[in-house]
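Chemist: The primary structure of each chain is shown beneath.
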Amino acid sequence: MSQWMTLLQKEIVEMWRNFKWIWVPITFILIGVQQPIITYYMPQILDLAGGLPEGAVINIPTPTAGEVLSQGLGQYTTLGVLIIVLSTMGIIAAERKSGVAAMILVKPVSYRSFVTAKWAGGLVLMWFSFLIGYLATWYYTGILFEWIPVENFFQSFFFYGLWLTVILTITLFFSASLLAPGIAGFISLAVVIVVSLISSTLSNLLEWSPALLAGYASEILLDKGIPDDTLPASLIAAGCIVILLSLSVIIFKKKELAS
Amino acid sequence: MSLIQIKGLKKSFQGTEVIKGLDFTLEKGRCIALLGPNGSGKTTTLRMLSGLMNPTNGKIIFTDAKKGEDIRELIGYLPQFPVFYEWMSGLEFLTYVGRLAGLTGKEAKERSLELLQLVGILEAKNRKVGKYSGGMKQRLGIAQALIHRPQLIMLDEPVSALDPIGRREVLDLLEGLKKETTILFSTHILNDAEEVCDEILFLHNGEFVESGTMTELRERHQQAKIDLYFRGKTDDYIPFFSSHVLTHSLRNEGNRISIFVKDIAAARQSFLMWISEQNLPLEKFEISSMTLEDVFMKVVGK
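So the protein lines, in turn, are chains A and B.
Going by the working numbering, the first sequence opens with residue 476, and the numbers climb by one from there.
Going by the working numbering, the second sequence opens with residue 207, and the numbers climb by one from there.
For reference, chain A alone in the conformation it holds in the complex (with noise of 0.2 Å):
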């Protein structure tokens, strides 16, 4: 367990020390807290762009506070799950192609401490900057529009960011299994991209995919309660991330370090 720990330590510093913990949160303020703001000044962006005719009565219904919430959410759908991405695929990738996995691996560090301490830190960071994020999309959601429940707000801020810990966990497997970060940051892309565009195309057949928990999430902020399949979505995202997890352990050790 100290192992682990000195393991996970390292993550944090190092994430530290390379900013992480300044740009991942930073990136998930702008994400989430434009759209808010964008909204709410609509009108006037749209005035001072001008072009309009004289007289031209621009007719602009204002969405609920739930609505301008849920499109925050949205905003993370796409370029959250970059960052993610990026911030991830090199993970192990990185450290393998250097060689410096092997110059830790020839210690007596169990393989399996190795990678989840790397997926516990990637998640830390990932759950720090989403809150942080979603927190201010909030906040300026409510002072700009009006206050969404707490209640709400926690339970699609959890939801949702258990899908984003399946991205993640994607990501991390691939980084595991290939050498090249930049190759696993791409597979992992496409595959959020090929299950999320199927789940939601046959969204009556597979409503227990995890990727649906983002659909979810929006929908308890427009006031509906929490969906009938958010529970078991929800536990098949963590059985998703289970197995991942542990075939990346199995995959990582397999490889073998020196090339």
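Don't read these hints as lab results, they were simulated from the structure.
Glycine residues also receive a C-beta, built at the ideal position from the N, C-alpha and C atoms.
A couple of the hints might just be wrong.
Said to hold, decoys possible - Here are the simulated distance ranges between beta carbons:
| no. | chain 1 | residue 1 | chain 2 | residue 2 | range |
| --- | --- | --- | --- | --- | --- |
| 1 | A | I673 | B | A271 | 24 to 34 Å |
| 2 | A | K730 | B | I470 | 49 to 59 Å |
| 3 | B | F287 | A | L554 | 35 to 45 Å |
| 4 | A | I487 | B | F287 | 20 to 30 Å |
| 5 | B | S366 | A | S477 | 55 to 65 Å |
| 6 | B | E320 | A | A665 | 48 to 58 Å |
| 7 | B | S366 | A | K729 | 23 to 33 Å |
| 8 | A | I658 | B | Q323 | 17 to 27 Å |
| 9 | A | K729 | B | K272 | 19 to 29 Å |
| 10 | B | S208 | A | L557 | 49 to 59 Å |
| 11 | B | A271 | A | L606 | 28 to 38 Å |
| 12 | A | L606 | B | K337 | 54 to 64 Å |
As the list claims (entries may be wrong) - No farther apart than 20 Å at their CA atoms in a straight line, the calculated lysine to any residue pairs in the SDA-like style are these:
| no. | chain 1 | residue 1 | chain 2 | residue 2 |
| --- | --- | --- | --- | --- |
| 13 | A | K572 | B | M294 |
| 14 | A | K729 | B | I266 |
| 15 | A | K572 | B | N260 |
| 16 | B | K337 | A | K728 |
| 17 | B | K334 | A | R492 |
| 18 | A | K729 | B | G264 |
| 19 | A | K572 | B | W293 |
| 20 | B | K315 | A | V488 |
| 21 | B | K334 | A | F494 |
| 22 | B | K213 | B | W293 |
| 23 | B | K272 | A | S585 |
| 24 | A | K728 | B | E279 |
| 25 | A | K728 | B | K315 |
| 26 | B | K226 | B | I267 |
| 27 | B | K312 | A | D704 |
| 28 | A | K730 | B | T419 |
| 29 | A | K728 | B | D276 |
| 30 | A | K729 | B | T262 |
| 31 | A | K728 | B | N260 |
| 32 | A | K729 | B | I277 |
| 33 | A | K730 | B | N263 |
| 34 | B | K315 | A | Q484 |
Keeping the supplied structure of chain A fixed, place chain B upon it in accordance with the hints.
Modeler: Relative to chain A, chain B alone:
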């Protein structure tokens, strides 16, 4: 006392057999050099012993290892090109691997400082490894191999990348370490092996072609040898020497001809006579014993 026994060790890459069945025993407290030309399989052998690579076939048995014990606790390994977390300082890296190897925080730090002192980079302990020079990285690499007081340390080409001063210092360091642990190191530099090691294993094309202590090797390969040094090119004189009845074999390198002869007294007389008759520009005449290089060339078959 034996430390490790290796039986029938083999390794293939994509069907090509790189290591073709090695058998040997490492004795405790010895310093053994793994010697061989580039591509002979030295690195692969060390990687298999360190557990970084799985042998295709064969067994590696640590005599002292208890059942189920992680053999990585017993060995320290320095790869040919050691890599570190560049954002860590030297002290941080050593403390980190020390803790991973099971030391407490305090022990790890004390041991790290002790080792930094031993390898002579204590004054750079707080500098980022990314700013270390090649020689400093090599020393840090040796320090990290020693951190958990392993029974065996394996060093892959520890001095090949160093300048003459760094090389000298690392060799002295190894000399000192011999008292504490068993050392197995690979090199293609014959002098280094001869200087530090008690025992030599010659690896060529994935097989051991010769092994033993320096003295044993000399005795086994003893052959009278005459070295002739000329001013200028020696190519023109080769036909005479190679066809001479007393010549066993010869090597021609630059301005030197090394001739292995059957009868040293007769050869000396005959060669010197011919040289003076022809009035050749001889600069030095030497009757020498076999060097490791000669043994190497002989066993490698060049």
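Chemist: The structure should be examined with respect to each hint, and the outcome stated for every one.
Modeler: Verification of the supplied hints:
no.: 1; hint: I673(A) x A271(B): 24 to 34 Å; result: violated, 51 Å
no.: 2; hint: K730(A) x I470(B): 49 to 59 Å; result: holds, 58 Å
no.: 3; hint: F287(B) x L554(A): 35 to 45 Å; result: holds, 38 Å
no.: 4; hint: I487(A) x F287(B): 20 to 30 Å; result: holds, 28 Å
no.: 5; hint: S366(B) x S477(A): 55 to 65 Å; result: violated, 37 Å
no.: 6; hint: E320(B) x A665(A): 48 to 58 Å; result: holds, 50 Å
no.: 7; hint: S366(B) x K729(A): 23 to 33 Å; result: holds, 31 Å
no.: 8; hint: I658(A) x Q323(B): 17 to 27 Å; result: violated, 44 Å
no.: 9; hint: K729(A) x K272(B): 19 to 29 Å; result: holds, 26 Å
no.: 10; hint: S208(B) x L557(A): 49 to 59 Å; result: holds, 57 Å
no.: 11; hint: A271(B) x L606(A): 28 to 38 Å; result: violated, 47 Å
no.: 12; hint: L606(A) x K337(B): 54 to 64 Å; result: violated, 36 Å
no.: 13; hint: K572(A) x M294(B); result: holds, 18 Å
no.: 14; hint: K729(A) x I266(B); result: holds, 19 Å
no.: 15; hint: K572(A) x N260(B); result: holds, 19 Å
no.: 16; hint: K337(B) x K728(A); result: violated, 32 Å
no.: 17; hint: K334(B) x R492(A); result: holds, 12 Å
no.: 18; hint: K729(A) x G264(B); result: holds, 18 Å
no.: 19; hint: K572(A) x W293(B); result: holds, 17 Å
no.: 20; hint: K315(B) x V488(A); result: holds, 17 Å
no.: 21; hint: K334(B) x F494(A); result: holds, 16 Å
no.: 22; hint: K213(B) x W293(B); result: violated, 41 Å
no.: 23; hint: K272(B) x S585(A); result: holds, 18 Å
no.: 24; hint: K728(A) x E279(B); result: holds, 18 Å
no.: 25; hint: K728(A) x K315(B); result: violated, 30 Å
no.: 26; hint: K226(B) x I267(B); result: holds, 18 Å
no.: 27; hint: K312(B) x D704(A); result: violated, 51 Å
no.: 28; hint: K730(A) x T419(B); result: violated, 37 Å
no.: 29; hint: K728(A) x D276(B); result: holds, 15 Å
no.: 30; hint: K729(A) x T262(B); result: holds, 14 Å
no.: 31; hint: K728(A) x N260(B); result: holds, 11 Å
no.: 32; hint: K729(A) x I277(B); result: holds, 18 Å
no.: 33; hint: K730(A) x N263(B); result: holds, 17 Å
no.: 34; hint: K315(B) x Q484(A); result: holds, 16 Å
Violated hints for the displayed structure, listed by number in ascending order: 1, 5, 8, 11, 12, 16, 22, 25, 27, 28.
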